[in-house]
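One letter stands for each residue in the lines below.
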Amino acid sequence: MPLLEIQNLHATVGDKEILKGINLVIKPGQVHAIMGPNGSGKSTLSYILAGRDGYDVTKGEVLFDGKDLLSMPADERACAGLFLGFQYPVEIPGVATMTFLKTALNAVRAYRGDDPLDAMQFLNYVRERAMVLNVTDDMLRRALNVGFSGGEKKRNEILQMAVLEPRLAVLDETDSGLDIDALKIVAEGVNAMRTPERGMLVITHYQRLLNYIEPDHVHVLAQGRILQSGGKELALELEKNGYGDITGAEAA
Amino acid sequence: MSRNVTKLLPFVDEVQVSRPDDAPWTSALRQEGFNRYRESGLPTPRTEAWKYTNLRRLAGMNFAPNEAAPEGVAIPEDHLVKIDGFRAVVINGRFQANLSDLSGLPRGLRVEGLANMLRKSPALLEPLLGRIAIRDNRPLTALNAAHLDDGLCVFVEKGVVLDKPIHIVSIGAPCGDEAASFHPRLLVSLGAGSVATIVESHVGKGAYFSNGVAEFVVGADAVLNHYKVQEESDEAYHLADTTLRLEDRSTYDGFTFQSGGVLARNEIYACLDGENVDCRVNAAYLGAGKQHIDNTVFIDHVKPGSRSREVCKGVLDDQSRAVFQGKILVRKDAQKTDGFQLNKALLLSRGAEIDSKPELEIYADDVKCSHGATVGELDADALFYLRSRGIDTVAARNLLISAFVAEAVAEIQSETVRDAVSDMVQVKLEMRHEGRVNER
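Chains as they are written, first to last, in this note's numbering: chain R, 1 to 252; chain Y, 1 to 440.
One or more of the hints may lead you astray.
As the list claims (entries may be wrong) - Now the in silico label distances, taken between C-beta atoms and shown as ranges:
(1) R/Asp56 <-> Y/Gly435: 32 to 40 Å
(2) Y/Asn98 <-> R/Glu165: 23 to 31 Å
(3) Y/Val375 <-> R/Asp56: 52 to 60 Å
(4) Y/Asp419 <-> R/Ser176: 52 to 60 Å
(5) R/Asp118 <-> Y/Gly289: 53 to 61 Å
(6) R/Asp181 <-> Y/Ala192: 55 to 63 Å
(7) R/Gly14 <-> Y/Thr47: 44 to 52 Å
(8) R/Gly147 <-> Y/Asn438: 35 to 43 Å
(9) Y/Asn438 <-> R/Glu165: 29 to 37 Å
To be verified - To give an idea of the interface, some chain Y residues facing chain R are shown, with a C-beta separation under 10 Å as derived from the structure:
(10) Gly193
(11) Ala380
(12) Ser388
What the hints assert, rightly or not - Once the Cα atoms are required to be at most 30 Å apart in a straight line, the calculated BS3-like pairs of lysine-lysine come out as:
(13) R/Lys27 <-> R/Lys59
(14) R/Lys102 <-> Y/Lys82
(15) Y/Lys158 <-> Y/Lys428
(16) Y/Lys205 <-> Y/Lys428
(17) Y/Lys7 <-> Y/Lys82
(18) Y/Lys428 <-> R/Lys102
For the record, the hints were derived by calculation from the structure and aren't laboratory data.
Where is the CB? At the ideal position from N, CA and C, for every residue including glycine.
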């Protein structure tokens with residue numbers, strides 16, 4: 001069974017139609033990349049998958065593990081194994097990163113029927129994963145994302161993914177705002193999570209990230225539709241020729 | 001005052017101004033209180049200071065005549081601030097020696113019931129009792145004085161450093177089927193260079209009206225930590241007037257947490273009557289249902305070089321309402337004053353309301369004073385972010401609410417009390433949620 005199946009998805013924000021019939025199937029173990037120009041609907045797609053308010057799905061459906069994803073509230077989607085890595089992680093003053101991680105992990109564990117981790121187990125569990133991503137104890141002690149640099153925020157997103165161990169990770173412009181060193185750390189963190197069971201949907205504007213996270217499939221999203229799909233070589237073509245060829249060809 | 005305005009004069013039918021064992025000044029104090037109260041009546045919204053807090057419903061209630069404290073009242077341990085310390089229990093304004101734990105009081109510390117002390121050592125009280133609380137335009141303070149009877153006294157001699165807090169547990173309970181009314185008094189005097197921590201837990205059951213007056217003198221170089229938790233019953237009226245006289249180089253760290261009562265007003269007048277005083281008057285509150293919670297603070301900078309800080313943060317749900325009135329007065333001689341005031345409210349429901357009135361009145365020319373006030377609602381982006389990590393809506397909201405309140409709670413200088421209050425906020429939020437679920 002596919003992990004994710006998006007069928008003819010149409011969505012509007014207010015009166016404006018943003019997604020105009022998206023079809024996409026992700027199987028366990030696959031990494032798909034969605035590329036596209038600004039305003040093509042990439043972030044809208046990721047938010048709709050994660051269950052953010054403010055979008056109206058007017059047609060189509062999304063199956064996650066065979067279940068109707070769109071009828072599930074946002075927190076249940078996360079518990080069921082869907083993870084969204086935010087393009088702009090939210091700063092939350094007063095909520096310590098560790099408290100947040102513990103609350104989230106134990107919520108997800110409870111959904112799976114696992115006992116909560118005690119303080120010591122949890123600390124070891126997080127530290128092990130934090131080390132790989134170069135997330136310091138100091139960052140873990142601070143309020144969630146408050147005063148974090150762009151790179152720290154993105155590393156913190158990947159840490160959350162590593163802690164929650166989702167079945168499908170949607171990474172929205174995880175490369176934006178990263179220098180090359182930070183990008184490598186983030187990509188290594190993501191690659192360490194590639195398993196035959198887990199799927200990934202990497203959303204990006206630039207091909208650069210895909211040098212480090214190699215996708216199995218690449219899709220071009222523009223004007224609310226997937227206009228072209230191919231292997232990883234499609235990303236290189238786009239890098240060379242830009243999006244103009246594809247979007248223009250469609251218009252002609 | 002125009003003739004056609006009816007004065008509200010409840011609570012004084014039974015007043016006994018002079019009593020058999022009185023020292024002359026005690027009767028005089030009651031008489032003065034009685035006269036002043038009769039002059040003004042219960043405050044109404046026509047008075048500026050009471051514009052947003054209406055006592056009409058209180059005035060219309062029936063109360064039992066002033067009697068002895070009801071028997072067999074249990075101490076609701078779960079609702080008290082969880083700290084180890086000496087414990088003084090007051091039920092309906094009357095000190096209860098048998099329920100208190102004042103064993104092993106160190107030398108230089110005296111904690112006693114006021115009625116007892118009025119009988120035994122009135123001379124010690126005469127220069128302080130009723131001399132600190134302001135007398136003008138305080139009808140409820142006057143009403144309290146008219147009923148002067150019992151309460152608690154704390155005397156810390158100069159140079160004495162207390163390592164254990166004094167926990168005042170004030171319990172309200174109805175008299176049989178009738179609501180109770182009481183007018184307790186707290187008098188605290190810290191000698192020069194002494195250090196003390198006083199925690200007040202106000203709790204209760206059923207309907208009652210608590211009209212407390214507290215007077216604090218903090219001597220030169222003394223340090224007082226004073227933390228009050230108002231968790232009265234949901235039918236209770238809690239009106240409290242606290243006056244502080246802070247002398248040279250003294251430090252006052254005050255914090256009030258309010259989440260109880262149907263109507264509560266905590267009024268603080270801090271007189272920075274010395275140079276280089278450090279005064280912190282912080283507060284947090286959680287309102288729900290139809291609760292009305294008022295924090296009124298007046299900080300009076302009299303002499304040069306003092307600092308005052310006031311952070312008040314509250315969360316209002318349902319149709320609850322809060323009032324914040326914060327005034328900083330910097331008198332002509334109070335040069336180099338540093339005053340800071342911040343008031344933030346979080347509204348969780350369309351029906352909730354906050355009335356916020358910050359005021360700065362400055363007569364000195366070399367001062368630093370600032371104030372800020374904000375009103376907001378829960379951040380939808382933050383809520384979604386938490387939910388996208390598997391945290392359900394209720395838990396996510398509670399996380400954000402406690403984070404909001406935490407900024408004020410963090411002002412508490414005593415770590416043990418800070419942790420205890422922080423836990424109470426958490427418990428309260430969870431209880432309120434469970435209450436809602438059960439109602440459905």
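Status of the hints after comparison with the structure:
no.	hint	in the structure
1	R/Asp56 <-> Y/Gly435: 32 to 40 Å	holds, 35 Å
2	Y/Asn98 <-> R/Glu165: 23 to 31 Å	violated, 58 Å
3	Y/Val375 <-> R/Asp56: 52 to 60 Å	violated, 30 Å
4	Y/Asp419 <-> R/Ser176: 52 to 60 Å	violated, 40 Å
5	R/Asp118 <-> Y/Gly289: 53 to 61 Å	violated, 36 Å
6	R/Asp181 <-> Y/Ala192: 55 to 63 Å	holds, 60 Å
7	R/Gly14 <-> Y/Thr47: 44 to 52 Å	holds, 49 Å
8	R/Gly147 <-> Y/Asn438: 35 to 43 Å	holds, 40 Å
9	Y/Asn438 <-> R/Glu165: 29 to 37 Å	holds, 35 Å
10	Gly193	violated, 36 Å
11	Ala380	holds, 7 Å
12	Ser388	holds, 5 Å
13	R/Lys27 <-> R/Lys59	holds, 23 Å
14	R/Lys102 <-> Y/Lys82	holds, 25 Å
15	Y/Lys158 <-> Y/Lys428	violated, 39 Å
16	Y/Lys205 <-> Y/Lys428	holds, 16 Å
17	Y/Lys7 <-> Y/Lys82	violated, 43 Å
18	Y/Lys428 <-> R/Lys102	holds, 21 Å
Violated hints, listed in ascending order, are 2, 3, 4, 5, 10, 15, 17; each of the other numbered hints is respected by the structure.
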